[in-house]
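Under full-length UniProt numbering, residues 1 to 496 are what the sequence shown spells out, in order.
It cannot be assumed that every hint is accurate.
Cross-link-like lysine-lysine pairs, in silico, BS3-like; alpha carbons within 30 Å at most [stated by the list, open to error]: (1) K381 with K182; (2) K272 with K408; (3) K381 with K338; (4) K188 with K72; (5) K360 with K238; (6) K31 with K272; (7) K338 with K229; (8) K229 with K300; (9) K293 with K38; (10) K360 with K188; (11) K182 with K272.
Cβ pair distances, simulated, as ranges [unchecked claim]: (12) S217 with Q17: 52 to 62 Å; (13) Q17 with D62: 49 to 59 Å; (14) S195 with P359: 50 to 60 Å; (15) Q453 with N35: 43 to 53 Å.
Source of the hints: derived by calculation from the structure; they are not laboratory data.
We treat Cβ as the ideally placed atom computed from N, Cα and C, and that holds for glycine.
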Amino acid sequence: MNQKFLQQQKIEFGDFQTPQELTDSIVQLVKTQQNNLKSIIEPSCGTGNFIISCLSYLSEVDHIIGAEINQKYLDSLNLKINTIEINTKIHLIKNNFFIINWSNLIKNLLEPILIIGNPPWVTNSKLGSFKSSNLPSKNNFQNKKGLDAITGKSNFDISEWMILQYLEWLHNKNGVIAVLCKTSVARKILIHVWSNKLHILETKIYSVNALKYFAVSVDACLLIIKTSKNYQKRILQKCLVYPTLLAQQPINVIGFKDNFLISNLSDFENLKFLYQSEQNYCWRSGIKHDCAKIMELEKKNDFYYNGYSVQLDLEDLYIYPLLKSSDLNNNFIDSSRKNILVTQHYPKQDTTLISKNAPKTWNYLQENIIHFLNRKSSIYKNSPNFSIFGIGDYSFAPWKVAISGFYKSLKFRKIGSLQNKPVIFDDTVYFLPCYSESEAIFLCEILNSDLAQKFLESMIFWNDKRPITVNLLKRLSLSYLARELKREEEYLCYTK
């Protein structure tokens, strides 16, 4: 077998075995969280280090169930178990997690029940690219709607789906879930728990050094969720965050409000008066086109060059200076490295107008139509050829206040026109359109104030792939911010 195939198999089956040192630490921690555990389930047990740790430290357990798709791993686990004196009943199952009748296995288990393990750290789309059968049945379990589902926000980690199953198994039962996962997955689970008002006693997150234990650079954690059969009228929507498995005191508290997570509950509570709807300004994102090699151009002398280094003779009419997230982050905003071909001024606009206004540009688009037809996103269906999204009058405002969504920086920048044309952004940039330089300066100053920065940062998780989003920015009321900074008159001047 070649190395590539072996690596694919490793990813497909989440084959990152948890070292005994780590499983021992986790089980000992769980023991301090829940006394008298009676049953344990490890739904993807691998070579069984979690099960061995449970046998070592949780002698009171009556029954352990482990499942694994790899027979060699189960054989290895059986050899380990045979070397230990135990009174615990152990039931090992060789099968795919996604087809086991877990409800039938669990219904008669004694409580409290511990579900423990390290479910696969891979997304459904990644497995889909391997044509893997090791996948859950397809359904929109996150209830994503409209554009979110279409553009890929419905992609999910397999571990996320599995942990949600664990929560279903422990519904109206006393138990504990203790799983290793990406921290981003843990946060999604918290949103699910709190938005659905599940019967949860408490949640905790312990940071884990994934580089040390798994040789991967991932922000990882141990997520602990305690469940209860006793309904709590007031669900505590707080999660304590610990820096290590051995830490006695939390370093932070995650909260929840209006279906979003708060990264620093204390700061948010102190500044929550800024959490109001903004009536006069609307955050926008840059253009989405999914055709960079054709749409993004560099100009050298009198010619444009596309992403294939093809020299082009095009009219300037539909071409605008382009700034990307990296440009904003590095403050390269006084000139543009690239230009962008903007085919529409508003959604669904008839693009055949280009043939009359700029025939060379139209011919270029026609020559490359296959690239547009091959765009995978369904948002382009039932739209004119060469359509783009994130476009409107706001895109052509002469001044803008913009921020990158990708970088760990809350720096807002004032952007003016370049080459006597308004600057266009890609869809990783968010901005407010402005109609004078003084308005852009004003907005930049209040957004970069300590007050605004602290409020926004209380809701940011910097390790997210895109820590800054339109939804985040919309939570800050610029009118309340201006009032608190004693700049309300300026705000009223620009919005009247």
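Mind checking the hinted window 43 to 53 Å against the Cβ distance between Q453 and N35?
Taking Cβ atoms as reference, Q453 and N35 lie about 44 Å apart, which means the hint holds.
Given the hint of 49 to 59 Å, check if Q17 and D62 actually sit that far apart at their C-beta atoms.
violated (26 Å)
Straight-line alpha-carbon gap K293 to K38, limit 30 Å:
With a Cα-Cα distance of about 59 Å, the restraint between K293 and K38 is violated, given a limit of 30 Å.
Hinted pair, alpha-carbon criterion (30 Å max): K182, K272. Please report holds or violated.
Holds, because 29 Å separates the two Cα atoms, which is no more than 30 Å.
Would the pair K360 and K188 pass a check requiring their Cα atoms to be no farther apart than 30 Å?
violated (48 Å)
Could you grab the alpha-carbon distance between K360 and K238 and see if it respects the 30 Å cut-off?
violated (59 Å)
Do the beta carbons of S217 and Q17 sit within 52 to 62 Å of each other?
Since S217 and Q17 have Cβ atoms about 18 Å apart, the given range 52 to 62 Å is violated.
Holds or violated: K338 with K229, Cα cutoff 30 Å?
violated (59 Å)
Is it true that the CA of K381 sits at most 30 Å from the CA of K338?
holds (28 Å)
K272 and K408: Cα distance at most 30 Å?
holds (23 Å)
Could you grab the alpha-carbon distance between K31 and K272 and see if it respects the 30 Å cut-off?
Since the Cα atoms of K31 and K272 sit roughly 38 Å apart, the hinted pair is violated (cutoff 30 Å).
Has the given pair, K381 with K182, been kept, meaning a C-alpha gap of at most 30 Å?
Distance ~34 Å between K381 and K182 Cα, so the pair is violated.
Checked against the numbered hints listed earlier, the structure breaks hints 1, 4, 5, 6, 7, 8, 9, 10, 12, 13; every other hint is satisfied.
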